[in-house]
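As given, the protein sequences belong to chains A and B, one line each in that order. Using our numbering, read the first sequence as starting at 150 and increasing by one per residue. Using our numbering, read the second sequence as starting at 363 and increasing by one per residue.
Please keep in mind that the hints were generated in silico from the structure rather than gathered at the bench. A couple of the hints might just be wrong.
Unchecked claim - In silico DSBU-like links for lysine-lysine, alpha-carbon gap of 35 Å or less:
#	chain 1	residue 1	chain 2	residue 2
1	B	K639	A	K274
2	A	K303	B	K404
3	A	K303	B	K617
4	B	K647	A	K227
5	B	K575	A	K231
6	A	K304	B	K647
7	B	K404	A	K287
8	A	K274	B	K366
9	A	K304	B	K675
10	B	K663	A	K231
11	B	K647	A	K274
12	B	K663	A	K287
13	B	K639	A	K291
14	B	K404	A	K275
15	B	K639	A	K303
16	A	K291	B	K617
17	A	K287	B	K639
Unchecked claim - Which stretches of chain B does chain A cover? Using the computed rule of at least three CB atoms under 8 Å from a CB of chain A, they are:
#	region
18	365 to 379
19	476 to 483
20	611 to 617
Cβ coordinates follow ideal geometry from the N, Cα and C atoms, glycine included.
This is what each chain is made of:
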Amino acid sequence: MKISMDIELKDIPGQLVRALKPVSDFGGNLLSVLHQRDKKTPSGRIPVQLVFEIEERRLDRLVEVLKERGVNVARIGKERLKDSMVVLLIGHIVHSDVRETIDSIDSTGFAEVVELSLSMPAVDKKSAASVTLSAIGKEELKEALNILERTVNKKGIMVISSV
Amino acid sequence: MKTKPKTVRISIIGFGNVGGGVAEAVRRKREEIERRHGIDIKIVGIADLKGAIVNENGLSEDAIMKPKTRRKPEDMTSRDVIKEIEHEVMVEATPTNVENGEPGLTHIITALESDRHVVTSNKGPLALEYSRLMELAAKRGKELRFEAAVGGAMPIISLVRENLAGNGIISIKGILNGTCNYILTRMAEEGLPYEHVLKEAQEIGIAESDPSKDVEGIDTAVKLVILANSVFDMNMTYEDVEVTGITDITPDALKLANDAGYMIKLIGEVDRAGGLKVAPRLVPKDDPLNVGGTLNVATIKTDLAGDITVIGKGAGPIEAASAILSDIIRIYS
Ligand SMILES: NC(=O)c1ccc[n+]([C@@H]2O[C@H](COP(=O)([O-])OP(=O)(O)OC[C@H]3O[C@@H](n4cnc5c(N)ncnc54)[C@H](OP(=O)(O)O)[C@@H]3O)[C@@H](O)[C@H]2O)c1
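Looking at chain A on its own, in the form it has when it is part of the complex:
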């Protein structure tokens, strides 16, 4: 899942590296680091905003390690899935591993398949599905659609997206 985290560092060299290392140690994938050297907190620390993806179950342990290293964790935010779109699929959807199709989106960490309705006509006729994709932002939603298109095009499934 995608996490945004505000941390506060002591104003001595080497602190940023000290704070970022545990994130990668826990398998996290840093997406952005905003280091505001010219700003200071009232206690004289330097605020830094991090955005990273990490497995949810590892988050608590990461926060502990950061604290052990003298990093203040001021705020943790889970990025919510706030943008959605409906797309339609036509083809042999079930017989082409629908689970894998869904996983291709869910495994991104920034988007999910939140709804899927399937219609199944007679055997070996093409079926249709409407799929609702949700993502944490507009760009991510577009990327999720690209991933979906790439995944199903290989399976001969047509994707009908919204205008």
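Start from chain A and add chain B with the ligand according to the hints.
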């Protein structure tokens, strides 16, 4: 003070649905056009595969209606009419050919080289040789107009280039093929399969006996190329368009779309970054692009005026003739 109307002599090359529609529209509107616009349109030559008739003083209605009075093509070809009969505007309405643009391409080049303006409904030459034809027209100081080629009666080319001049155009998307719109609308309304509705459309003359150009999205793609070149100054050809047609759309898909609040429409889309795409798309039911039957529609996204949507009849002889007449009048205003 009443000024003398300007006589505008025209030839009609290709005298089928559209060419005949132009003759009919001129017959009905001639007086009104003279009164309102000060131009007197005279048809001085007509040619198609059956032959040609000409009269430099203007053909009578009788002569136009009677194919038997025509000269055989061996005696007088359509090129002869274009070259040798004195006139101001050549109306080109022969069949669209997207392989090599002929015979329209030769007709248009011949007319421009003979210093005639050209007004056409024929998409082939424009989709294949747009910049070459425009350069030739400019060199000759003549106009080449083609409102009827995209969207039939629905104004789009002049709307964007003239009425919206000053706006940056971000994208144009819409339904540019009435046959596909009819088929998808009927499938959605009746829950009928594609093959069934196609047959019905063929029976009532909305789809051709070989429907492939329409249902495979080729016709829409060709119109998109014309929009890209004329509105966005691009230099595109049919090869540059990513095209998917409607033949794989199923009633189930339409039903699922409906349940989610959408219709499926064949949408052509061109944006200023150079993306040209024709594909079935989900259109929200409350979107202005959701028009039914054989209607055409286009939404033009502009930087100043916001979104503008036009809806109109995309096909039909008189509808296409309406666009052709407007083009002729615009040359002289
Ligand atoms: N129909 C519409 O609603 C519509 C709307 C917008 C644009 N358009 C475009 O307008 C054009 C005309 O459409 P249409 O429906 O009128 O087609 P149409 O009814 O098939 O008419 C085509 C005409 O062109 C003639 N022709 C064919 N080859 C010729 C040649 N080598 N030299 C001279 N004449 C030739 C045909 O003669 P014969 O009859 O002797 O074969 C016929 O008179 C097409 O390019 C079409 O894409 C049509």
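So, going through the hints one by one against the coordinates:
1. B:K639 - A:K274: Given that 35 Å is the threshold and the Cα spacing comes to 27 Å, the pair holds.
2. A:K303 - B:K404: Violated. K303 (chain A) to K404 (chain B) sits at ~59 Å, over the 35 Å cutoff.
3. A:K303 - B:K617: 25 Å, holds
4. B:K647 - A:K227: Given pair K647 (chain B), K227 (chain A) holds - Cα atoms ~34 Å apart, limit 35 Å.
5. B:K575 - A:K231: Roughly 41 Å between the alpha carbons, so the hint for K575 (chain B) and K231 (chain A) is violated.
6. A:K304 - B:K647: Holds. K304 (chain A) to K647 (chain B) sits at ~30 Å (cutoff 35 Å).
7. B:K404 - A:K287: 57 Å, violated
8. A:K274 - B:K366: 69 Å, violated
9. A:K304 - B:K675: 38 Å, violated
10. B:K663 - A:K231: Since the Cα atoms of K663 (chain B) and K231 (chain A) sit roughly 25 Å apart, the hinted pair holds (cutoff 35 Å).
11. B:K647 - A:K274: 28 Å, holds
12. B:K663 - A:K287: 19 Å, holds
13. B:K639 - A:K291: 17 Å, holds
14. B:K404 - A:K275: Between K404 (chain B) and K275 (chain A) the Cα gap is close to 57 Å, so the pair fails against 35 Å, i.e. violated.
15. B:K639 - A:K303: 20 Å, holds
16. A:K291 - B:K617: Distance of about 25 Å is within 35 Å: holds.
17. A:K287 - B:K639: 21 Å, holds
18. 365 to 379: This one is violated; 0 residues, fewer than the three required, reach chain A with a Cβ under 8 Å.
19. 476 to 483: violated (count 0)
20. 611 to 617: holds (count 5)
The earlier numbered hints that this structure contradicts are 2, 5, 7, 8, 9, 14, 18, 19.
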